[in-house]
Amino acid sequence: MTTLHVISSSPFSDNRLSSCLRLLGHGDGLLLCGDGTYAAQPGTSHAEALRALGEGIALFALDEDLEARGLPSADWLQQIDYPGFVALAVRFDKVNSWL
Amino acid sequence: MKFAIALFSSPSAPSSRRALRFAEAALDGGHDIVRLFFYGDGVHSASANVVSPQDETDVARQWRELISTRQLDGVVCIAAALRRGVLDEAEALRYRRQAANLPAPWVLSGLGQLHEAAQLADRLICFGGD
Amino acid sequence: MSRSLLIISRQAPWSGPTAREALDIALAGGAFDLPIAMLFLDDGVLQLAPGQKPQNVQQKDLTANLQALPMFGVESLYACSLSLQQRGLTDTSLAVEHLDDAGLRDLISRYDQVITF
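Residue numbers (the working numbering), protein chains in the order written: chain A, 1 to 99; chain B, 1001 to 1130; chain C, 2001 to 2117.
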């Protein structure tokens, strides 16, 4: 069964993202939202780690959070809105939010 | 699809607002919400006593309105609520506390309601942290 | 058939009520005869440290409640090997199966639902 993992905290302040990356399975998805979108900041080790995940992991970011933080769009991330978020929750077999 | 949505954060947390927007999008997309279950600090998102500054989003009020207008089942975990001072009339009376701050449409109940919702729904989605 | 639920507990025992509230969900699910598993990950493994004296900080003993898990029918208990090793835990107060990262990925994929605290 596939899992959509959701990260909403800054990867610079805690280890949720790094633990999540160890637990991602082939076919899973990862959605960055809230302060989790800071992981998409270009030139950071987090962005590099995400880019290196390869095609087995689908990467998403909530558009309102990227834009609010002045983060640029990235071609390696699919930007989604709330209807898109709902669609992801349907597409993957379960949702694991890293609270 | 049927969603069960659990919230673990207070109304000032971005995740509470995010859960609200998700719930609205799910309903607008034709999906059902089996239950909203507020646990941990999420019980504060059900408090009727939150006073938001006028120039800020009143997330607690928006939750109340969502549940009323869309006739959703909004459940607050009683154990989590009591320890955080979120009480309905009955509990305020029982424990002889000054005020009740959990009116209808909210219902106080136990963790069994979360498990039941998770069993009834196609998807369980949790919001919190932040 | 009931949907299975994996609860991932990532917080130290007394960093607020989170560890206890995660455990309460597991115990409630067990009481309803639901298929529940618990995984201790990151600081969550610190809940398993032996020799804790919670009364010193006026906290309730989480260990006793953790040990009640099998009595409530929650027997699938796991801990992340790396998290244990990083925190110098060679002994645990509860019998748990140690999993490496591949084992953790497999565990998560097997469950219908997950809640991570």
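Calculated directly from the structure, the hints in this document are not laboratory data. One thing to keep in mind: the hints can contain errors.
Heads up, simulated DMTMM-like pairs for lysine to aspartate or glutamate below, C-alpha to C-alpha not over 25 angstroms straight-line [stated by the list, open to error]:
hint, chain 1, residue 1, chain 2, residue 2
1, C, Lys-2060, C, Asp-2091
2, B, Lys-1002, A, Asp-81
3, B, Lys-1002, A, Glu-67
4, B, Lys-1002, C, Asp-2112
5, B, Lys-1002, B, Asp-1032
6, B, Lys-1002, C, Asp-2033
7, C, Lys-2060, B, Asp-1122
A few chain B residues that face chain C, going by a derived Cβ cut-off under 10 angstroms, partial list only [to be verified]:
hint, residue
8, Arg-1021
9, Gly-1085
10, Gly-1110
11, Leu-1114
12, Cys-1126
Here chain B is said to cover these stretches of chain C; the calculated rule only asks that three of the stretch's residues, wherever they fall, bring their Cβ under 8 angstroms from a Cβ of chain B [stated by the list, open to error]:
hint, region
13, 2017-2026
14, 2047-2054
Heads up, the beta-carbon is just placed ideally off N, CA and C, and yes, glycines get one too.
For each hint, the structure was consulted:
For the given pair, Lys-2060 (chain C) sits about 21 angstroms from Asp-2091 (chain C) by alpha-carbon distance, which is consistent with the 25 angstroms threshold. With a C-alpha separation of about 20 angstroms, the suggested pair Lys-1002 (chain B) and Asp-81 (chain A) falls inside the 25 angstroms cut-off, and the hint holds. At roughly 30 angstroms between alpha-carbon atoms, Lys-1002 (chain B) and Glu-67 (chain A) are farther apart than 25 angstroms, so this suggested pair is violated. The suggested pairing of Lys-1002 (chain B) with Asp-2112 (chain C) holds, with an alpha-carbon distance near 14 angstroms, which does not exceed 25 angstroms.
This hinted pair checks out: Lys-1002 (chain B) and Asp-1032 (chain B) have alpha carbons roughly 5 angstroms apart, not beyond 25 angstroms. Straight-line distance between C-alpha atoms of Lys-1002 (chain B) and Asp-2033 (chain C) comes to about 22 angstroms, which keeps the hinted pair within the 25 angstroms bound. Our distance criterion of 25 angstroms between C-alpha atoms is broken by Lys-2060 (chain C) and Asp-1122 (chain B), whose separation comes to about 36 angstroms. Given the 10 angstroms rule on beta carbons, the hint for Arg-1021 (chain B) is violated: about 21 angstroms separates it from the nearest Cβ of chain C.
At a threshold of 10 angstroms, the smallest CB-CB gap from Gly-1085 (chain B) to chain C is about 13 angstroms, leaving the interface hint violated. Here the hint on Gly-1110 (chain B) is kept, as its CB sits about 7 angstroms from the closest CB of chain C, short of 10 angstroms. Given hint, Leu-1114 (chain B) at the interface with chain C, holds; its Cβ is 7 angstroms from that chain's nearest Cβ, closer than 10 angstroms. Hint status for Cys-1126 (chain B) relative to chain C: holds, with the closest Cβ pair at about 6 angstroms, below 10 angstroms.
Only when three residues or more bring their CB closer than 8 angstroms to a CB of chain B does the claim for the region 2017-2026 of chain C stand; here the count is 5, and the claim holds. Beta-carbon proximity to chain B at under 8 angstroms applies to 0 residues in the region 2047-2054 of chain C; the threshold of 3 is not reached and the given coverage is violated.
Hint violations for this structure: numbers 3, 7, 8, 9, 14, all remaining hints satisfied.
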